[in-house]
Each structure stands twice: as C-alpha cells, then as structure tokens.
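There are 2 protein chains.
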Amino acid sequence: MMLNSSATALEPSPVLIVGSVAFDSVETPLGREENVLGGAAVYASVSASFFAPVQIVGVVGTDFPKEHVEFLRARGIDTEGLQVAEGKTFRWSGYYDYDLNQAHTRQTDLNVFADFHPRLPESYRDARIVFLANIDPDLQLEVLEQVRDPRLVVCDTMNFWIERKPERLREVLRRVNLVFMNDAEARQFCGTFSLLRAARDLLAMGPDGVIIKKGEHGALLFTKGKHFSAPSYLLEQVADPTGAGDTFAGGFVGYLAYTGDLSEANLRKATVYGSVMASFNIQDFSLNRLRTLTQEEIAARYEEFKEIAFFEAISASGETA
Amino acid sequence: MMLNSSATALEPSPVLIVGSVAFDSVETPLGREENVLGGAAVYASVSASFFAPVQIVGVVGTDFPKEHVEFLRARGIDTEGLQVAEGKTFRWSGYYDYDLNQAHTRQTDLNVFADFHPRLPESYRDARIVFLANIDPDLQLEVLEQVRDPRLVVCDTMNFWIERKPERLREVLRRVNLVFMNDAEARQFCGTFSLLRAARDLLAMGPDGVIIKKGEHGALLFTKGKHFSAPSYLLEQVADPTGAGDTFAGGFVGYLAYTGDLSEANLRKATVYGSVMASFNIQDFSLNRLRTLTQEEIAARYEEFKEIAFFEAISASGETA
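Read top to bottom, the protein sequences are chains A and B. Quick note on numbering: the working numbering labels position 157 of the first sequence as 157, and the sequence is numbered without any gaps. Quick note on numbering: the working numbering labels position 84 of the second sequence as 1084, and the sequence is numbered without any gaps.
Incorrect hints may have been included.
With a cut-off of at most 16 Å between alpha-carbon atoms, the simulated EDC-like pairs for lysine to aspartate or glutamate come out as follows [unchecked claim]:
| hint | chain 1 | residue 1 | chain 2 | residue 2 |
| --- | --- | --- | --- | --- |
| 1 | B | Lys1214 | B | Asp1183 |
| 2 | A | Lys226 | B | Glu1236 |
| 3 | B | Lys1226 | A | Glu304 |
If you anchor each label on the Cβ, the simulated ranges turn out as follows [as the list claims (entries may be wrong)]:
| hint | chain 1 | residue 1 | chain 2 | residue 2 | range |
| --- | --- | --- | --- | --- | --- |
| 4 | B | Arg1119 | A | Met158 | 56 to 62 Å |
| 5 | A | Lys165 | B | Arg1291 | 35 to 41 Å |
| 6 | B | Arg1032 | A | Glu312 | 55 to 61 Å |
| 7 | A | Lys224 | B | Ser1263 | 54 to 60 Å |
| 8 | A | Lys224 | B | Glu1297 | 44 to 50 Å |
| 9 | B | Lys1224 | A | Glu70 | 56 to 62 Å |
| 10 | A | Arg164 | B | Ala1114 | 20 to 26 Å |
Everything labelled a hint here was simulated from the structure, so no lab data went into it. All residues carry an ideal CB built from backbone N, CA and C; glycine is no exception.
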C-alpha cells in the first residue's frame, strides 16, 4: 500500500488503536507488581494520547475496574470501542532478567481475549490513522474491513504470528503503510541476519516504511532508499520494560496524527518521539510513569535526544528533507 | 589524568601506536582466509594513516614478510619501532558465526609476542598522541614510561586483562585521557549492566572520556556530564569483523591528530570517523578493504553517517559546541 503522495498532509484526526487490554504480573530485578494495568492497546493509547485524541478498541472482562476506564477517559481516550465480555480480562505473567530486552512468560490466560473480534463503533469508522497493535493478523484484517478511508495504517506483530500465520501477516503487510517489528522478529520473518536486507524485503511486501525496534540500542526507520537511526536513551535503571514497544508505537502514531505530516523527515521525528515515550515508560512499572508525565518533560527529553545524536550540522540545502 | 583545558588544540603530531602484529586465520559465514596480516597495532595504524603520520611499535618474527612492512611504509607508517625477534610472528586463529559480534578463538600462538617489551626509538619519544592498543597493562605502562610529554593518551583493553590484571588496568586508567572498551567489557569491569553507570565509574577512575563500542549497534562517547551516541552503518554483508575495534580506534585517534582539536564536539566527530573506518574494514577480510580505500570514500561515508543520524537541526546557539 503506497502512501498517497499528494496526501502527506493530513487533517487533524483521532488515532484508532486496536489491541489487547490486560492485567500484567511482572517481576524484574527492580521489583514485582501483580495484576497491574497493561496490554498493547492500553500502552499505545495512553502514549498516543499525549499528542492526539485516541479511539481504543479492545475487550475486557467484567472484572475490569471502572478506575482503569476512567484513567483512559481522563487522558482523552474514547472508550466506546472497549467491549465488555462475560468472563475475566486477559492476564499475562512474566519476568525479566538483567538482560531486559527479553521477556520470559510464566503464564498467559487469554480469557475473554480468546474470542475477541474487534467491532468498531460507527464513530470510529472514519478514522484516518489506524494502529493495529500486536494481535492475530486475521483480527487486524477485520479492522481494515471496518474502516472506510484510512490514510495511514500502521501495524505491529510478534514472533507468535510470524511462526503461526506468516501468510495472513503478509496479507496485512500488503495493506499497511508502516510496520513495526523488533530486530529479532524482522530477522526471523525475512530469514536473514542483515537488518538492511530484512527491511528491504519488508518494504518489497507492501509497506512504505519499516520501523525496527532494537530495545536498548534504539530504533531504525527504513523508507525507500533511505534509513534513519534513532539513538536509545540511556538510563541508570530500567524498572520494567513491559509495554516499551507499544508505548513507542503510540508516541510515533500520536505525533504523526498531531502534525499531520507524513514526510520522511517527519517520520524521523516521530521515531524519536516514540523513543522518548518508551524511555519514560520503562522507568516505572505498568503505566505509572505515564500517569504523571508532562508535555514539558516530553519536550525536554526530545531535546536530550537531539543533543545525544548531534555531531555535525547538516547543510541548509535540506538534503534530508 | 585530565586533559589540560588550555591545550585542547594540539600541534600536528604523528600518532604513536603500540600493540600486536599478527597473522590471522579467520573463518566467517562469507569465507575463510589463512595467515593473513592482522594484529591490533596494524589495524589501528593503517586506519590512522588515512588521517595523520603514524609511528608503530610492535614485534614480529623472522618469518614476517617484507611486503607487509612495505605496505605499512607505503601508508606513511614509520616502522622503526617494529622489532624483529628470533622466532615466529604471533598467530591467531578463530571463527565467527552469524552473530558477528562474537569472535570464537580456535588457537592462539603468542610466539615472539610472549616476550615482547615495547622499546620506543628515540624519534618516537616526543609523540604527543599515543594509542595503547589491547596489550598487557604492564606493557602499556612501560610505554608511558618512555614517552616524554604526551598530550593525549588513549588505551584499549579486553576481557582477558580485566579478569587477570584489574589492578594494573586501573593504574593505566589513572594515566590515560580516553579509554575504549566494548559494551561487554565495560559491564564486566564495572560490575553493572547499565552502560551509563559503567561509563560514570570509568570516568571516576581517571579518564576524561570513555568510548564504548557496541559492534553493529554503534558506539557511545561519554565525557563528564555528556554523552554522544554514534549510529552504526548497516551493511548487507559483513565479510570479516576482525580488527573492527582497532580500525575504529585508529580512525578516532588519527582524526584527532589531524585536527589537533580535543574539544568534546570534535571527539564526537572522531567517534564517527572511527565508525566510518570500521564500517569499511569489515567489508572484506584482513585489511583488504583499507588497501584500496580512498579519502573520497571516507568523506562520502561520513556524509552518510550524518544523513543516517539526522532528525532535526540543533539551534544555532551551539548548545553542543
């Protein structure tokens, strides 16, 4: 799917985000939290909400407390698409060792998420920007059947779907503008160790852009014939890496929705804003750090990223524009 | 050891480089080479020679062919400090899997390197810039006893010395301006997973700057209260990563010698020039790529690094200067 080159400037639009809503139990070298708010759609939505209005689609059980819904609403997130199903909310339990790039799952209870089919409220179907968080590619395709005229569709995925539904994932890739993968997933899906080759392969499958997340090593943005390397933000301590990739994606799509600018130069800035949001999120468990985060802190850290990456001014002829 | 702040501009000076000279037998997924020219001092010297005159100190056996010495001389490297000892030249044999960050040693024959003690020719002892490549810290200290008034001393090391001679390595660190380590070495030496903490610990031991090499993930430069993240250069294929760190170091010190500018802003550029040189070196076995490398290619790749890392102009107030 090609970005319509005449439409790289978008009208302001809410971001539609579809994915999991969960209770997480997480143990890291810095502590342990039980049954805290999590899920890809939640991390991405809260992160995006710092930049633009958000419409969330997901499913929770009857055990999902009102306070979590109120938290989302207080952040300007439209929760009309949050389905409530008879049963328990999706639960994930896992731990991280000192190598915080690798989550180890202890237990997954899909609960109501097992029978989830995204149903978009009528008011969501005109969404211009859609983020399909990591869910079954068949469900991602169901979402695309329901949106009328999206201008920017972004998807994430994971090794589970790469192994079990590679053909359906390919179908998703034919229909999205941008795809997120982490480095291991990109290598696995494309069968090559070279991230440059993997990105070229992914671009050939349909998307106009590929964002490869490298955890503590930053992120790479690939577009046709170009790439950008965003630095990581070094922290003395990472409390909990859960949701880092989703927070990254939320900041990325939120910034694009806010600016309405889909140029390559602005995709680079979006990659950095995604990195900024992820760098905050991992400083505390669950979404705790995002609960107190301010626009001033986001702006200050973005400046830090500029400072960290700068080594020489690029000529004013705008070769990167 | 503090850089003399009034002396951040140096007179043009050759770079003195001390380290191993070797024959390497290397196997990688892309091929195999037997008994090819290698050694940290050779990689670093050839790399530095693209920027400044070099004086090399090392030892070879009587089996070391004239053509290698002639190659070094043709690159403007002073070989008066290349000692010839009765016996065979140091030999290293190893292989790399697809994870090219990790060398696996098959065999090490120290040969004449076992009894090596660096002896600086009189003409070397006024060197202003000294690079102590990865050798026994006791030998690194012997070099420092012989140079009269160095203005910039840079050292490298490896896990072998971190494990066996940590106290002597600390003594070296008290006496150098800049230290290179890779990420695993910095974590091991400082006993922390956080590279930020490791760098702070290393700075507290004496150096004014710490350069942490992260292989395919680029490099980090730490100075007091600041750090810089240099992107890596993505290649479709890496032929042979042997010598990447030494080539990096050679480009780094060579660029500093060429510019005579030891400001933090220029250390950032040196980090990128080091990355540029390493990115070329790994494209072929041994020093083959450096044999044909041109200044134009170096300049063009440096521009590519600028393009890869750029996302937003930094204000003209020069906050990074």
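Here is what the structure says about each hint:
Distance hint between Lys1214(B) and Asp1183(B) is fulfilled; the C-alpha atoms sit about 6 Å from each other, no more than 16 Å. With a CA separation close to 14 Å, the supplied pair Lys226(A) and Glu1236(B) stays within the 16 Å bound. For the hint pairing Lys1226(B) with Glu304(A), the CA-to-CA distance comes to about 10 Å; that is within 16 Å, so the pair holds. Checking the proposed 56 to 62 Å range against Arg1119(B) and Met158(A) shows it holds: the Cβ atoms sit about 59 Å from each other.
Taking the beta carbon of each, Lys165(A) and Arg1291(B) are about 49 Å apart, not inside 35 to 41 Å as hinted. Checked against the given bound of 55 to 61 Å, the beta carbons of Arg1032(B) and Glu312(A), roughly 39 Å apart, lie outside it. The hinted window of 54 to 60 Å between Lys224(A) and Ser1263(B) is violated, with their beta carbons roughly 38 Å apart. Taken as a hint, the range 44 to 50 Å is violated for the pair Lys224(A) and Glu1297(B), whose Cβ atoms sit roughly 24 Å apart.
In this structure the supplied range 56 to 62 Å is violated for Lys1224(B) paired with Glu70(A), their Cβ-Cβ distance being about 46 Å. At roughly 56 Å, the beta carbons of Arg164(A) and Ala1114(B) sit outside the given window of 20 to 26 Å.
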